[in-house]
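Two chains, two frames, a set of hints: combine them into the complex.
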Amino acid sequence: MDSAPVVRIRGLVKNYKDVHAVRGLDLDVPRGSLFGLIGSDGAGKSSTMKTVAGVMGYDHGTVEVFGQAIDSEAAAERIKLRLGFMPQGLGQNLYPDLSIEENIDFFARLRLVKADDLVERKEKLLRMTRLDKFRDRAMKNLSGGMKQKLGLVCTLIHEPELIILDEPTTGVDPVSRRDFWAILAELLAEKGISALVSTAYMDEASRFHHAALMHHGRILAHGEIEELIHLQPGTVVSVAVQPQLEALNRLRSRFEQVVALGNFLRVFVPAQDASADEVVKDVLSGLEVSEVQTDTPELEDIYVGLLESSGDGQAVRDLPSPPEGTVIHLDPDRPVIEAKNLVRDFGAFRAVDHVSFDVRPGEIFGLLGANGAGKTTVIKMLTGILRPSDGAGSVAGADMRHSGSTIKKRIGYMSQAFSLYQDLTVVENIRLYAGIYAVPPKEVEPRLRWIVDLAGLEGMEGALTGSLPMGLRQRLALGCALVHRPPILFLDEPTSGVDPMGRREFWDVLFRLSRQEEVGLLVTTHYMVEAEYCDRIALMHAGKVVAYDSPAGLKSDVEGRFGQLLEVRCETPYKAQNVLRSGGFDDATLHGRRVQVLAPDAEKVKTQVKSLLERAGIPVHDIRRLPLTMENVFVQNVLDLEHKAGMAA
Amino acid sequence: MNFREVFQHMRVMTFKELIQFRRDIFLLIVVVYAFSADIYVAGSGIEMELKQAALTVADYDQSPASRDLIYSFRQPQFKYQGMEMNADHAMDLLDAGKTMLYLEIPADFNEALLSGKPTQVQLFVDTSNSVLGSLATSYAAQIVAGFGIQKAMERLSVGGAMGGGLPMVNSAHRVWFNPNGSDRWFVPINEMITMITMLSIMLPAAAMVREKERGTVEQLLVSPLTPLEIMLPKVLAMTFVILIGVTLAVFGVLGPVFEIPFRGNMLLFYVLTAIYVFSTAGFGLAISTVVNNLAQVGLMVIMLLSPMLLLSGAFVPPEAMPTALGYLILLSPMHHYIEIVMGIFLKGIGLDVLWPSVMGLLLVGTGVFAFGTWRFRRQFG
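Chains as they are written, first to last, in our numbering: chain A, 1 to 649; chain U, 1 to 381.
For reference, chain U alone in the conformation it holds in the complex (with noise of 0.2 Å):
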């Protein structure tokens, strides 16, 4: 083995590759867009709160309680949208998806309240979006339940002095990291690490599918290189991209967009960053030896890239998995890439607490890398 010549060969090849991503205008864009445009979509764009829902109401009671009811669903929640006492029509409003909640009062409501017996209301919820459904139910369940226990409250202190006397519990909550709870802390760091994910396994086997494509690996296969000279620098020079990629996304988007602090090591941060990049590249080697085209790596990494998010824990946490999911889940090296991110970005933690993570994702990592790497020399074999 001589050094100067491995030396060479690696520099000239990585070199080449950057200037072939610098020119390819197409991935160029792709990048570009991945680590800004599309973080910024989607961090401003979906957001899992609940937020003027429109609300019908048919009033067969007309009283100050069924009024106090009716605006105790407030903005920016639940939105007030006007009265509907045909039925029917109210149904077709649920159906074109003009009104997401319709509340139905009984004309004995306030009747009912000043007598002391119970009474009920009824509440139509479009939950064709989930999320959103179950979250304006529950609001609804919890105004309505609010607005009981408030009228309960009244009429035991309206009849007796015991209005102090009721047990009760209050809880003081201190949200801690993200302090506004908000989704636009979690959404787009998570955007960011699914295409620093995407792109880890995408560019490089882009970049050794074109050498198949245009013809250029057979002379590359008749020349002194080793596979692994051949494929290292196609992984290192993509590992850089992308690092400049992250610092786009960090410093151009994260930060001043979406005002998100960063909180940790920053030098850790794009260490463990590098790492995940090198090893996630294993997946893109790994393609590149089955498929023939671009087109063929776009459909691979979707195909490949749902199941790893799926199992990163992003979108549902190990814990709430079956027990062998959360399990396999310890195999993904995102799961443990987000847990470092995370802890770096919004908690400001170091490798004292985040060994675990950094264990996890070097020894997957490896894996990932090693399977890559063998299926790339064997093709050539």
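Just chain A, same shape as in the assembly (with noise of 0.2 Å):
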């Protein structure tokens, strides 16, 4: 087997007139490497693709792919037809009016498949994707997931050597994620193609041979997944304690990488002599510990501990305190949001299903769920924009089926987009939210200056919005929701597009803004990651709510009902997949190059794998116990009720 890397990048740059996408990257991507480029929005992995790809030019440096330099039009033309690449965006390169199978052949007849052959393919393809059932369904009739997995399947068509995918598994959600991962891992080992594929999830990590991790357009670290964790030697001690504050504060000062995950306090603790919960107990001594964790890091904590030592890293602040002034009062002891049985049709379609919960003041409360779980129609029932079907519900002490203009003047809202108007000003945001909220002339000079601070615009107030960097415009927005000082934040995916470091901040502001300010914070997220930072989750599915709890009580629930997470790192761990699948483990999943199994007895199924995949002659190296993470948590909830739903059916 060719042993030369099937890509291999040297100095590249690229520039959008002013904008520096990719300064000086170098990059090998071993021949049938899952490799992953990682990294948030505008760290220059789009850029990087395209011009592997071949069809976008680049200002320095040399890109060679199958060994031949990209370095023409012409030269890109000879390894098109070698080569498959699936753009960013959902179906993005498929036909919204063609079907399925209308879509393929259209791809097929383009890269000019024989006759023979495509049928061949098609049906194999279509087989694995489990898209054979909605062959003749118009592309623009499908999920998100089948949209990619179609994509995907176009992209394959051809059989090329080397396939190219941009961020696939954005907006998709977990279920269809994890099929996504699988059906990709799947034709690696059988057909022994390479595969370069972006993600900005930092938890998809572990689905990689290999990684890169991208910042502004650099490579901060790349190589096994197993080297990249042991960059940063150390460990990650999870407390529960209290009063959490004054712990966040204690540890701030100690320890560079310090979150608040709902109950717990999550502290990076690099290699040292003395064991890490200790160190850390020392740091907390006099305050009342109830419960220490210790696992191994992740690989967002060695990418913000590189971008800490890089010097990219950001201080952390402390909240500056609101000015005196008009403030909305609410019974402290009433939850500020109470949800009874919410209920909303489009027609005959139910988008919402008797969903019930409610949030305390103080509290930061997670609403997950995929794209069309029911999450967005909640919320803008919630605040009032549209009318529950069935059900009753409160929302800042008002009844919401007919005090809508109430609750508007007592919430806070930040959306997605970070709804701030690019062309205005700071101030000029600030000022015009501040007269749409009816802040007293008086109080919005102190507002203004408290927004400034709290965001750490200073000295960039009179800076138009659009030219402010993603990080800075989040917190923007988050100040402009706040002008009003309602005790009622509502977040509609608050941090989409923001890098891991300017997550990790605003989760801290969020964080101070409930324990200090008692403000009540309704927040939704697709990444499940971020579900760890909420105190309590409603996870939504299909317009219904199935699990309501806290992060750790969720995950012992799932634990108890399905078991733990197991895993298994041996010679060729797809055929060891395939071995476990057989033996009667059908959930065993292809991790990168690690087998992950639920086992409801850890120490029995231990031996029953090792022996099942020895049997088999596959040489076990290890077996080891991870903990659940939220996408686990999710994924078992959903296929749980998918089967129940199947059963009954």
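It should be emphasised that the hints constitute simulated quantities derived from the structure, not laboratory data. Small disclaimer: the values here were computed from a predicted structure and weren't measured. One should not assume that every hint holds.
To be verified - Using 30 Å as the maximum straight-line C-alpha spacing, the simulated DSBU-like pairs for lysine-lysine come out as follows:
id: 1; chain 1: U; residue 1: 98; chain 2: U; residue 2: 51
id: 2; chain 1: A; residue 1: 380; chain 2: U; residue 2: 212
id: 3; chain 1: A; residue 1: 124; chain 2: A; residue 2: 575
id: 4; chain 1: A; residue 1: 644; chain 2: A; residue 2: 555
id: 5; chain 1: A; residue 1: 17; chain 2: U; residue 2: 212
id: 6; chain 1: U; residue 1: 212; chain 2: A; residue 2: 140
id: 7; chain 1: A; residue 1: 140; chain 2: A; residue 2: 114
id: 8; chain 1: U; residue 1: 212; chain 2: A; residue 2: 409
The following block contains the structure:
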């Protein structure tokens, strides 16, 4: 087998006018590897992938694909038949009005696939992706997950040696994401092709064989996933401690990476002589520590650690105390949001089906679910934009059925798009919202200063909002939503597009708001990792709340019902996965070069797995227990429901 | 209803629209262009007058009479371009657009005239531009007829002494309001009205769609603003912008460049223009409820504008339309507005005469605005 890399990049530079998208990038993608480009929006992932695919020129450096330099349009044309490229965005390269089959046929003809080959490949790929039942359905009527699977099929129909997938899983629900990765792993193992895949989800890193962490057009680190984890040796310690704010401040003064996750504080303790949990307990002496756990660090810890040591990290700031003035007062003992059996029908379609939950003052409440699960409809009803078809609820002490205008005055709302006016300056935006929320003119100035302080925008008051980096824009949007000091804040996907560092800082502000100012926060997110930041969560699927508890509670529930998560490191992991599946572990899934299984009885399963694999001639290196993630929780709950629905039908 | 709050909402939102407009270089250029260069180009470029129409002649007679006739086709309407005796070549010239008229004078032309026999000349006219073509045809017919009468008169006065005894009617016209009858007045004013109409639909629609495109409308909807408080500031701000544009057009182009006198009451003109813009914005608001981006706004405006122009009476007077259309035109706010502008501008008349048009504008405008408001509120219902 040829050992030369399929893609070799040296000193790649790509500029868009004044924007430096890629600034000197070196990269080798080994043959047969599932290679991940991991980074947030604007890290330069798409630009890199487009140059490799030969669809975009570049300014400096060399790009070699299959050993051929891509330095001209003609050179790019020569390699195009040997690679497949799927651009970013759900079904961007597909034709909405064509059916699944017509789309595949079109791409096959475009790539001059022979008729006989086409029939054979098409059937196989459709079967693998379980799209065969929907072959006549128009692409525009497919769900996000199905669109991405179809995109993958169309990319693979000419059997390329290298596939380039730009954020294939963004905006796809966790269950479909899991499917997508499984299909990709299978294809790679069977066809021996290489894949260059980008993602903004840090937790997807474990799916890759190799990965490069990107930030601001540069690579922070790259290599095998195991190597990356060891770049910043250390331990993660999670403690439940009271009072939380005091503990957070103490830990912050000692450690660089401290985040508040609901009831827990999570600390990254760099490797040292003393044991990590003792060090943390020492710092917290005198406070009421109720629980301590230690874990191995995750890639996000490494990424943030690397950013901090490269000087790109930002100091965490205290929340400035708000100015005196008009504040909306509510009964502190009543929930700020109460939803009772909310129902909303759109024609025959029930978008929200008897949803109940409550949010208490000073609580961070997460509404989790895939696109189309009904989160947005719930929020629209609670904010008084949409009338519920049935059910009741109160928001900020007002009945949501007929006090819409009272509710609107009492709540703060920050949307996904950070709905600021990009062509207004920072100050103009704040003044606008102050006017909209009828802040008394005398109080506008002090609040303006408070928001500028809160968002860390000193010296940028006159800058156009559109010129600010994403992270600052996000905090300005938060500030604008707080201009009338509401006791409740709705945040709809507030962190999309912000890098991990910015996300952490943002959650820090939210945490302080909830604990210091007793603001009740209702947050929706599709980043499953972010669910960990919430005190309590309602998990939505198909219009219903399928689970409603604290993150720890949800995890222990799943652990009780389905078992613990085991990770198997062994040779030929793809073969191992199949051996395990046929040996009774239906849920065995491939994660990069490891296999994960759910085990109701960990010790018993460990021996079973070991003997199964060894009987099949697969040497096992190591089996260890992994903590469940919120993604596991989501996927298990949804699969269980679908299973039950299937049984009932 | 708290008036302090409503006032605060209106103030900050209107101010916001104006700042956004000022920072939107593209829209700024469009508005400045529409009220200056566009009117100038329209006013000085499009002239529905026959000028320098090329005339080619085949004179088979070569006599004093034939030369007389040829020289009757004078500048500035016509321009004698030369002889072309080969009929095929002459047809080629017509096909290629190198000549507009081709005149054939038969060999016995002079003789026939002298002997008092009727004779004919043949004229080919390129009427692919129907306006210029029909102008050329009718001028040419007039010239030939005039030439015929003149020759007949000469013969009569030579033959007998009855020269003064022929009955004749002379018309003495007095052209009012536009003494030179020049298109240079009508066209630019008309163009300004078209631009006002286009922008009063487009600007509010664009302002609204921009909120949709950038997702800020979601934020406004969860705010304490009522749909009217979201909508009215946009219309107010854009009305203000258009009035500034109109000022530029009236004092920067119509007056100094086209020397169009402003004969009426300036205040009345501005007030009625504001009412017109405000009510026409109703179309823009209605558009903004069905489209999702600026490109679609552009397409909708184009689609809406052509029937509006046709029904405005600017090109075809209502009297010349089929009866049903003639009534339909009364429903066009633009029709009433044109009556008002031409009246104030050129005739210098006031409300005492214009009141039917003003009433029409108010009634139709209220209807349009109510329709836009209804659509706008319904989309958030």
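Hint check:
For a cut-off of 30 Å, the pair hint linking residue 98(U) to residue 51(U) stands: about 15 Å separates their Cα positions. Restraint check: the Cα-Cα separation between residue 380(A) and residue 212(U) comes to about 17 Å, which is no more than 30 Å; the hinted pair holds. Annotation: proposed proximity of residue 124(A) to residue 575(A) holds, straight-line Cα distance about 19 Å (limit 30 Å). Proximity of residue 644(A) to residue 555(A) is assessed by CA-CA distance (about 20 Å); at most 30 Å being required, the pair is judged to hold.
Between residue 17(A) and residue 212(U) the alpha-carbon distance is near 28 Å, which keeps this suggested pair within the 30 Å criterion. Using a Cα cut-off of 30 Å, the hinted pair residue 212(U) and residue 140(A) holds, with the two alpha carbons roughly 22 Å apart. A hinted pair counts as satisfied when its Cα atoms are at most 30 Å apart, and residue 140(A) with residue 114(A) qualifies at roughly 27 Å. Proximity of residue 212(U) to residue 409(A) is assessed by CA-CA distance (about 22 Å); at most 30 Å being required, the pair is judged to hold.
Consistency note: the structure conflicts with none of the earlier hints.
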